[in-house]
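Working from the sequences, and respecting the hints, build out all of it.
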Amino acid sequence: MSFDPVSLLQGQYGQLIFHGLSLTIELAFCAWLLAMVLAMFLAIIRLTDRPLLRRLVIAYVAYHRNVPTLVQLMVWYFGIPALVPEQTQIWMARYNSEFLLAMIALGMCQAAYFSEDIRAGLRALGPGQSEAARSLGLTYLGSMRHVILPQALRHAAPALVSNSILLFKNTSLAMAIGLAEITYAIREVESDSFRTFECYLIATALYLSCSLLLMAGSSWISRRYRIIGAGRI
Amino acid sequence: MTELFSILHDYWKLLLIGSYPRGPLGGLAMTLLLSALSLMLTFPLSVLLALARTSGRVSLVRLSAAWVAVIRGIPLVMLIFWVYFLVPLLIGRNISGFATMLCTLIIYESAYICEIIRAGIQALPQGQHEAGRALGLNYIQCHLRVILPQALFNTLPSMLNQFVSIIKETSLGYVINVQELTFAASQVNGQVLTFPFQIFFILAAGYFLVCYAFTRLAHLLERSIQRKRLGQGHEGPPVPLAASPADVPQV
Chain B
1 MSFDPVSLLQ GQYGQLIFHG LSLTIELAFC AWLLAMVLAM FLAIIRLTDR PLLRRLVIAY
61 VAYHRNVPTL VQLMVWYFGI PALVPEQTQI WMARYNSEFL LAMIALGMCQ AAYFSEDIRA
121 GLRALGPGQS EAARSLGLTY LGSMRHVILP QALRHAAPAL VSNSILLFKN TSLAMAIGLA
181 EITYAIREVE SDSFRTFECY LIATALYLSC SLLLMAGSSW ISRRYRIIGA GRI
Chain X
1 MTELFSILHD YWKLLLIGSY PRGPLGGLAM TLLLSALSLM LTFPLSVLLA LARTSGRVSL
61 VRLSAAWVAV IRGIPLVMLI FWVYFLVPLL IGRNISGFAT MLCTLIIYES AYICEIIRAG
121 IQALPQGQHE AGRALGLNYI QCHLRVILPQ ALFNTLPSML NQFVSIIKET SLGYVINVQE
181 LTFAASQVNG QVLTFPFQIF FILAAGYFLV CYAFTRLAHL LERSIQRKRL GQGHEGPPVP
241 LAASPADVPQ V
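For the record, the sequence lines run as chains B and X. Under the working numbering, the first residue of the first sequence carries the number 1, and numbering increases by one thereafter. Under the working numbering, the first residue of the second sequence carries the number 1, and numbering increases by one thereafter.
Worth double-checking, as some hints may not be accurate.
Claimed, not checked - Negatives, chain B to chain X, calculated, CB over 10 Å:
#	residue
1	4
2	18
3	38
4	40
5	55
6	63
7	65
8	71
9	82
10	157
11	200
Unchecked claim - One-sided excerpt, in silico: chain X residues whose CB lies under 7 Å from chain B:
#	residue
12	74
13	77
14	81
15	84
16	124
17	197
18	211
19	213
Just so you know, these hints were derived from the structure itself, not from any lab. Idealized CB from N, CA, C, for every residue including glycine.
This is the structure:
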């Protein structure tokens, strides 16, 4: 057998791999969106002066940072469905519950990391910004949206990017619950074609190029949206 | 709730040490053993990589940077499959799941720990190196006696945080049937069948207890080292610690 990775990208195998790739990208994107929205709320709650809410957020972050992502996935995929009524279980099994549960698990896990990054970004600002915004007549949410978050997100950008790349890499864990993303697809192709080396090479190249693309894209965005005159982004 | 305790009562031994006295070691003990071994074995490799990265020789710097970039760009699962496939081909005989996981973790962690040590070395003032050289120490002596002892001490909290990451990463041994904690829990799940939530809750709680204890310890250590450096009374601002716990990767 000769070394020919390109032939694996055609026909039936190629279809499996490209389907896996699109599923990986979809999963990463959906989980990222969920994580980002959740993380904003978590970071804002963390900075309010309600002790109970703050403790809850601290516990949320501690849980998600100290338990392996794989275990979190397993809790969602094997554990949670056993708690819901049987009707819902059947309904979930019919509608591709792997994707939904993997998205929730990865998104919630990453939200903990993102919220810490955003919090660090918020703390870098200093109280003057929010005081000035409030005295200009903006509401709390208004000052957040127009003054605080745009700056804080720029501060948090480098950490957010490296955690986004981690999220992208973590989508590979979804193979453990049987979601047919790249890693799972490549295992299928490998066990069918016995061309292990080429298979792993393709998967590695796909992951690497996506990660590098993310890094390059983020550095372009941070240049494009930097605040003119600000020392650092 | 009662099922939770009955499962704990029936299977605590399997979850803690596997079937150890009569069979192979497993469970939490295996997880900790695997993590500790991989941290210890990764350490020398990472120091070498970090020295190459800070050496200033273009070829060495590029080589080390490329190693780090490639390892950080691929998921750990993919690396496990590579080791699982390549190492038996290279050494000519099959290796156990434990050895596979150990190899993988050494390779994977070398990239991350190298970055921690590099940050520790670069956080030291340039004067340390210059003073060492001025005292007549050569490059190696200067690193062994002046730079590394300080840099490595400062990176202790980050190292402990990285140990937590390694503990979390060993859970992936489940994919290639290494008998660690996650594998033990899924074994229990296979025997009990009816209470998956309780079992995976126990699993998550187990990891949480162990990792949280180490995270807190790292936090305390970081604070005490910071205090120590502040109290030393040398001139200028205190030297910042190498890497914050926030940039510890997770799996």
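Hint check results:
1. 4: holds (18 Å)
2. 18: The claim stands: residue 18(B) keeps its Cβ more than 10 Å from every Cβ of chain X (closest is about 18 Å).
3. 38: The claim holds: residue 38(B) sits with its nearest Cβ about 16 Å from chain X, beyond 10 Å.
4. 40: Its Cβ never comes within 10 Å of chain X, the nearest being 17 Å, so this holds.
5. 55: Label holds. Min Cβ-Cβ 15 Å, cutoff 10 Å.
6. 63: At roughly 6 Å from the nearest Cβ of chain X, residue 63(B) sits no farther out than 10 Å, so the non-interface label is violated.
7. 65: Per Cβ check, residue 65(B) is inside 10 Å of chain X; nearest 7 Å; violated.
8. 71: violated (5 Å)
9. 82: violated (5 Å)
10. 157: holds (14 Å)
11. 200: violated (6 Å)
12. 74: holds (5 Å)
13. 77: With Cβ-Cβ at 5 Å, under 7 Å, it holds.
14. 81: holds (6 Å)
15. 84: With a minimum Cβ separation of about 9 Å from chain B (threshold 7 Å), the hint on residue 84(X) is violated.
16. 124: Where the cut-off is 7 Å and the nearest Cβ of chain B is about 23 Å from residue 124(X), the hint is violated.
17. 197: holds (4 Å)
18. 211: holds (4 Å)
19. 213: violated (9 Å)
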